[in-house]
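With the sequences and hints as input, model every part of the structure.
If you want the building blocks of each chain, they are given just below.
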Amino acid sequence: MDEISSGLSEVECDILVIGGGTAGPMAAYKARKKNPDAKVILLEKANVKRSGAISMGMDGLNNAVIPGYSTPEQYTKEITIANDGICDQDAVYRYAKECYSIIEELDKFGIRFQKDENGEFDVKKVHHIGTYVLPMPNGDTVKKALYRQLRRARVMISNRFMATRLLTGKNGRIAGAISVNTRTSEFLVIKAKAVIMCTGAAGRLGLPTSGYMFGTYENPTNSGEGYTMAYHAGAKLANLECFQINPLIKDYNGPACAYVAGPLGGYTANANNERFIECDYWSGQMMQEFHNELLSGKGPVFLKLNHLHQDTADHIEEILHTVERPSRGRFHEGRNTKYSETMIEMHISEIGFCSGHSASGVFVDDNARTTIDGLYAAGDMASVPHNYMLGAFTNGAIAGEHAIDYVKDMEFDEIDQGEVAKEQERILAPTKREDGIPPNQIEFKIRRLVNDYLQPPKVDKKYELCQSRLAEVREDMEQNMMVRDAHELMRATEASSILDCADMAAHASLYRKESRWGLYHNRVDYPERDDENWKCHVLLSKQDGVMTCEKRDVKPYIIPINEDEKDAYNNQRVQAQA
Amino acid sequence: MPIANSPTTVPVVVDEKKCIADKGCTVCVDVCPLDVLRISEMTGKAYMKYDECWYCMPCEADCPTDAVTVNIPYLLR
Ligand SMILES: Cc1cc2nc3c(=O)[nH]c(=O)nc-3n(C[C@H](O)[C@H](O)[C@H](O)COP(=O)(O)OP(=O)(O)OC[C@H]3O[C@@H](n4cnc5c(N)ncnc54)[C@H](O)[C@@H]3O)c2cc1C
Ligand code: SF4
Ligand code: SF4
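From first to last, the protein sequence lines stand for chains V and S. The numbering of the first sequence is the working numbering, which starts it at 14 and goes up by one. The numbering of the second sequence is the working numbering, which starts it at 143 and goes up by one.
No wet-lab data here; the hints were simulated from the structure. Note that this is a predicted model, so its numbers are computed, not measured. Just so it is clear, CB atoms sit at the ideal spot from N, CA and C, and this is done for glycine as well. Warning: the hint list may mix true and false statements.
Derived, one-sided and incomplete: chain S residues facing chain V with beta-carbon distance under 7 Å [unchecked claim]: (1) VAL173; (2) GLU183; (3) MET184; (4) GLY186; (5) CYS195; (6) PRO200; (7) LEU217.
Sample of chain S residues with no beta-carbon within 10 Å of chain V, all distances over it, derived [said to hold, decoys possible]: (8) ILE145; (9) LYS160; (10) ASN213.
Take a look at the structure:
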């Protein structure tokens, strides 16, 4: 294993789904369900059994719109406000209307949700306005249950293949993708009539403060190829300047997690044991207050549970230490911290792209269609804001069901073999060198520069410096990067997508000349929100080979937002008590 | 430029007495999302080859003989 062999094979299918984490399996499953004769391939860099953000399971649904607790209208309004007005509501509204049927379906798969003594879903309030959080007591079963359904629906699964570029055809439609085996370096070209991208967040953009490259908040398998592939294929990407930054347990870098602890009485506190934010729901505005507190002299910031009854604190600990990130218990054991006794130190995560928690991503409409004909995107990499796990499932389902109709009378668009040869040459270049810089050093340098220069607050001069330093690293990467085996070749290919993502983050941030989304786009040189000029999307794309940004109007709201509601998320700070 | 091998402690430990990779098991290698585990040609047992771990634990949870322990990487302990 791991020796570099050359070789290339080609397969055909109706629908290619790239990424078998959360959205991908649902897309593939729904497509096969709707048309059992269709050939659907699910391509995965890791192994579908244990891949993606939910590899071990999940503590709950963060954004469930359940009849009796909230309405699709209310949810759409809340997300529009949380996202500072930059929201094409049709996609959010559609999600909100359809997610309940997905919950019922997941329930049938055996992923059970918390119910109260009357057998009703036991939904909790964490958001600023509405009630949407549904715990999953057996959340560790998610991946197994999904995998069972994939087998039953006879989806073809190709594990350990990493997609590197999309192929568009002579007619400008999507035509397939190129991928490389992460253990043999063999290429697989997949011709497809439609492609659904579900490759998750750009989780390895910033560097965790521990300096440990794989100690990220996101699953570090997700190194941003979705964004890069879409960019190089000519698709548009939305609002990449709206970064993801999360409040996390310091060093461990896993969620704190206020969504579990909040409904039971836990909260975020400063060093004086005081609550300083009204609402623990993650938003840029909340992160700005978090950041302010860290710098205020009242920091650091803590998750506070030690005021709760011992049983309650132990119960929270039990959930947090077993399901989503089960190594958390070991981390605290090593530090000798018990939730019932001490407050847990928190910190700010590295930056990334992720619509799951924030808002940036490949630009999609309410059918999960990108701006390229036949190309879809769902989950953390698509632009539907504050999507989370249920958004990945629901929008994955929407993509799968739309794509299966789209391919019905569709022919394959012809691919250009020259493109394939060019990509093979690009990927294999580091294997041809006897000597040079290993990919881990290229990656470390990119991510260290991201931390030094791109982390908000955003300063123009720092951004410009970053761009020129990144250009130097690009030259090193293209001329001197060297690998010794197939595994390192995977890391080298990831380094190139991390670099592309860093460039996109810098470019989009410099284009939007205002501040918005709290800390996510806090621009020191333009400190005010400027609705007159910037209440719009920023779309980034490759035009004649050059990275370019443009403005795009936000679609007229379906659910109107009143003047007195639109700034609700800006009032996060606890007001001084009289 | 010449390349050096810098030492690093790895977080995942395999109990070789329990590991049955020599009987054909590859479960931990199969499930790891970061693909950092391998079966050693020398010992016939699983081990961590690359120091690129998310301390996520499928390797430990899915091992049929409880041979795997995931520790927290030293840098963030
Ligand atoms: C630690 C953590 C805790 C969370 N907690 C919650 C919670 O409690 N509730 C909630 O609702 N949400 C939660 N979320 C968010 C939620 O898990 C995600 O929004 C959702 O799972 C994203 O799904 P996805 O399909 O977009 O990405 P993923 O599930 O990450 O899947 C992406 C897949 O693509 C594969 N891939 C990547 N690149 C390539 C490539 N080049 N070629 C082929 N395959 C590739 C990856 O291996 C992976 O399997 C949490 C996220 C994290 C990281
Ligand atoms: S899963 Fe367990 S028994 Fe199997 S190879 Fe890995 S360590 Fe050995
Ligand atoms: S903890 Fe996760 S990343 Fe580390 S070896 Fe095990 S499965 Fe792989």
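Verification of the hints:
Checking S:VAL173 against chain V: minimum C-beta separation of about 4 Å stays under 7 Å; hint holds. Annotation: interface hint on S:GLU183 violated; nearest CB of chain V at approximately 10 Å, more than 7 Å. A hinted interface residue such as S:MET184 counts as satisfied when its beta carbon comes closer than 7 Å to some beta carbon of chain V; here the least separation is about 14 Å, so the hint is violated. The restraint placing S:GLY186 at the interface with chain V is violated, with a minimum CB-CB distance near 14 Å, outside the 7 Å limit.
For S:CYS195, the shortest C-beta to C-beta distance to chain V is roughly 6 Å, which falls under 7 Å, so the interface hint holds. The beta carbon of S:PRO200 is positioned within 7 Å of a beta carbon in chain V (closest approach about 4 Å), and the interface hint is therefore held. Satisfaction of the interface hint for S:LEU217 is found here, the shortest Cβ-Cβ separation to chain V being roughly 4 Å, below the 7 Å cut-off. Distance check for S:ILE145 against chain V: the nearest CB is about 6 Å away, which does not clear 10 Å, and the non-interface claim fails.
The Cβ of S:LYS160 sits about 19 Å from the closest Cβ of chain V, beyond the 10 Å cut-off, so the non-interface label holds. Some Cβ of chain V comes within 10 Å of the Cβ of S:ASN213; the nearest lies about 7 Å off, and the non-interface call is violated.
Figure legend: structure checked against the earlier numbered hints; hints not met, in rising order: 2, 3, 4, 8, 10.
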